[in-house]
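Undergrad: Sequences are here, hints too, so could you generate the full structure?
Number of protein chains: 2
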Amino acid sequence: MQRPPSDADWMAATIALARRGRSASAPNPNVGCMIVKDGRVVARGWTRPGGRPHAEAVALAAAGDAARGATAYVSLEPCAHASPRGPCCTDLLVAAGIARVVIATRDPDPRTDGAGIARLGAAGIEVETGLLEADARTAMAPWWTRQGEWRPFVTLKLATSLDGCIAMADGSSRWITGERARAHGHLERAGHQAILVGRGTLAADAPTLDVRLPGLEDRSPKRLVLTSGSAPVGWTAVASPAAVEGVDSLLVEGGAGAASAFLAADRVDRLLLYRAPILIGGGKPALGDIGLADLADAHGRWRLADTRLLGSDRLDVYERIRII
Amino acid sequence: MQRPPSDADWMAATIALARRGRSASAPNPNVGCMIVKDGRVVARGWTRPGGRPHAEAVALAAAGDAARGATAYVSLEPCAHASPRGPCCTDLLVAAGIARVVIATRDPDPRTDGAGIARLGAAGIEVETGLLEADARTAMAPWWTRQGEWRPFVTLKLATSLDGCIAMADGSSRWITGERARAHGHLERAGHQAILVGRGTLAADAPTLDVRLPGLEDRSPKRLVLTSGSAPVGWTAVASPAAVEGVDSLLVEGGAGAASAFLAADRVDRLLLYRAPILIGGGKPALGDIGLADLADAHGRWRLADTRLLGSDRLDVYERIRII
Chain A
1 MQRPPSDADW
11 MAATIALARR
21 GRSASAPNPN
31 VGCMIVKDGR
41 VVARGWTRPG
51 GRPHAEAVAL
61 AAAGDAARGA
71 TAYVSLEPCA
81 HASPRGPCCT
91 DLLVAAGIAR
101 VVIATRDPDP
111 RTDGAGIARL
121 GAAGIEVETG
131 LLEADARTAM
141 APWWTRQGEW
151 RPFVTLKLAT
161 SLDGCIAMAD
171 GSSRWITGER
181 ARAHGHLERA
191 GHQAILVGRG
201 TLAADAPTLD
211 VRLPGLEDRS
221 PKRLVLTSGS
231 APVGWTAVAS
241 PAAVEGVDSL
251 LVEGGAGAAS
261 AFLAADRVDR
271 LLLYRAPILI
281 GGGKPALGDI
291 GLADLADAHG
301 RWRLADTRLL
311 GSDRLDVYER
321 IRII
Chain B
1 MQRPPSDADW
11 MAATIALARR
21 GRSASAPNPN
31 VGCMIVKDGR
41 VVARGWTRPG
51 GRPHAEAVAL
61 AAAGDAARGA
71 TAYVSLEPCA
81 HASPRGPCCT
91 DLLVAAGIAR
101 VVIATRDPDP
111 RTDGAGIARL
121 GAAGIEVETG
131 LLEADARTAM
141 APWWTRQGEW
151 RPFVTLKLAT
161 SLDGCIAMAD
171 GSSRWITGER
181 ARAHGHLERA
191 GHQAILVGRG
201 TLAADAPTLD
211 VRLPGLEDRS
221 PKRLVLTSGS
231 APVGWTAVAS
241 PAAVEGVDSL
251 LVEGGAGAAS
261 AFLAADRVDR
271 LLLYRAPILI
281 GGGKPALGDI
291 GLADLADAHG
301 RWRLADTRLL
311 GSDRLDVYER
321 IRII
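Heads up: the sequence lines are chains A and B, in that order. Taking full-length UniProt numbering, the leading residue of the first sequence gets 1, the next gets one more, and so forth. Taking full-length UniProt numbering, the leading residue of the second sequence gets 1, the next gets one more, and so forth.
Since the hints were derived computationally from the structure, they do not count as laboratory data. Do not take every clue at face value.
Pairs involving identical chains hold if they fit within one copy or between any two copies, as the list cannot separate such chains.
[To be verified] Straight-line distance between alpha carbons at most 25 angstroms, and here's what the computed SDA-like set of lysine to any residue pairs gives:
1) 284 <-> 295
2) 284 <-> 171
3) 284 <-> 257
4) 222 <-> 19
TA: This is how it looks when you write it as structure tokens:
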């Protein structure tokens with residue numbers, strides 16, 4: 001017989017639920033919640049698009065009476081502050097008769113930050129905190145980055161030849177990567193609140209910067225252009241990497257100028273490297289100056305998080321090593 | 001009970017033997033030979049350094065009387081021409097009483113090319129040809145390339161950052177890749193008859209271009225420099241990629257000028273791409289102009305043959321797609 005699932009197993013599944021809300025839950029964190037009773041899942045929930053209802057409210061509504069005496073796994077400490085947009089989740093958990101709450105990580109929002117845990121404990125609920133904390137923060141990285149640093153979580157996408165070129169010397173770049181890699185790039189667009197390009201890329205590629213995947217056309221993100229000037233209709237001008245506002249997750253699509261500006265400002269959290277098995281030679285490099293003064297300083301900053309083949313192209317996903 | 005090994009199994013093992021002689025058998029092909037009798041290996045051989053004795057001679061000497069009635073697996077058609085350096089292998093196989101010979105591929109050398117097969121047949125030996133032919137040619141690729149085109153088999157090594165730079169703008173390149181990747185590069189040196197660098201790399205890195213692996217110091221290859229001028233002591237000047245003579249396997253180590261010259265001449269058969277998880281930005285690109293006129297022409301030329309992690313670096317091995 002298989003061993004029964006552990007708290008860590010349930011929490012891992014809860015964090016996977018949290019990821020489902022990742023691109024749509026803003027301005028609220030993308031939380032997952034799983035209600036478990038007698039070794040079985042009673043109900044599941046994750047933060048709905050726009051941030052409400054919260055994950056706990058979704059799961060408790062689905063569980064109904066079955067929540068009584070059950071354990072609730074949540075990827076983030078339940079909120080303890082009243083809001084005109086809905087009830088606070090600690091009150092909902094208490095009212096539903098939940099016996100035990102397992103929390104991955106505390107909510108850094110000063111209106112909750114420990115207050116949710118305290119209120120649950122005062123109501124006689126058993127509370128455990130800190131299970132798979134790093135995994136939960138990674139799953140919520142866009143929101144977490146914004147919460148902690150008031151800036152968006154930034155993904156930089158580069159599509160290059162094996163020798164690191166993003167175009168031929170004359171600017172031709174159609175196509176370097178193949179269909180599957182480009183479709184994956186569209187999926188990444190759909191997962192971000194906004195995309196950003198430099199002025200040159202806007203002039204060259206503007207018509208193509210939408211989401212072209214069946215069923216995901218309505219997920220096309222906001223469009224930002226990095227420029228000291230004005231932006232065309234449908235676009236928002238951003239003067240510098242530090243000036244992106246009201247966005248949790250940003251995909252920087254190019255070109256080399258925009259990419260380098262974000263890297264020089266250390267505003268890139270995740271790197272998508274699509275690489276085609278071709279050599280260009282003497283083409284346009286992926287990056288310009290990013291302010292590196294010493295080769296030793298370049299090391300220890302990026303960790304390979306994922307790698308896969310997309311047709312004959314390779315995608316490597318790197319994450320910026322930070323303490324969050 | 002396991003199924004007994006098939007002819008293809010024995011041949012695969014024979015081709016693996018052939019690879020052992022790959023860097024040292026010049027000017028002769030690196031052949032493997034396995035003598036099998038009653039389902040057991042009686043003896044094995046591969047071409048010795050310098051090209052003699054041949055693989056068949058080595059294996060037959062080890063087999064002695066046990067060769068009588070046995071099957072010989074050979075990766076290349078046994079030679080049929082007399083040489084002052086040794087007996088011809090078809091005569092040796094006949095004299096030893098071999099009953100059956102299985103051959104992966106015919107010898108394109110016009111002195112043999114089918115004559116070995118004919119002589120074996122005339123002596124009453126059962127002969128089969130063409131088993132794992134492509135594998136055998138790949139295992140002998142350096143020799144095969146030279147035999148067919150009278151040029152060396154060329155491997156190009158590039159060690160770059162994720163953005164395709166081989167150095168910072170000021171020329172600093174120590175270190176981009178880590179210890180394990182550099183050790184692997186030394187192993188590749190030991191597997192080639194010669195290495196080649198451009199003039200600039202010679203001036204900057206000459207003292208480091210040896211094999212620094214315990215036990216392999218004596219495998220340091222010949223040293224070539226791509227220059228229209230003269231070469232320093234211990235080095236041989238080569239005026240162009242087409243002018244490399246007397247070498248079966250060549251490792252082009254850098255810099256961008258030498259790499260680009262060999263690629264522009266379509267003389268690169270294998271690409272070693274060591275890539276460190278760092279970004280440099282605005283550094284020295286791996287390649288200059290390689291004569292690419294249209295992006296579409298860049299596709300379909302390289303096939304990923306191997307990929308591995310070496311510490312935090314990645315090695316991708318690409319092979320030029322050719323019909324050999």
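Undergrad: If a hint holds in the structure, say so; if it does not, say that too.
TA: Right, here's what the structure says about each hint:
When the C-alpha separation of residue 284 and residue 295 is checked against a cutoff of 25 angstroms, the pair qualifies both within a copy, at 22 angstroms, and between copies, at 13 angstroms. Taking the shortest alpha-carbon separations for residue 284 and residue 171, both the intra-copy value of 7 angstroms and the inter-copy value of 19 angstroms come in at or below 25 angstroms. Taking the closest pair of Cα atoms, residue 284 and residue 257 come within 25 angstroms of each other both inside a single copy (11 angstroms) and across two copies (17 angstroms). Only within a single protomer do residue 222 and residue 19 lie at most 25 angstroms apart by alpha-carbon distance; the minimum there is 20 angstroms, versus 56 angstroms between protomers.
Comparing the model with each numbered hint stated earlier shows that all of them hold.
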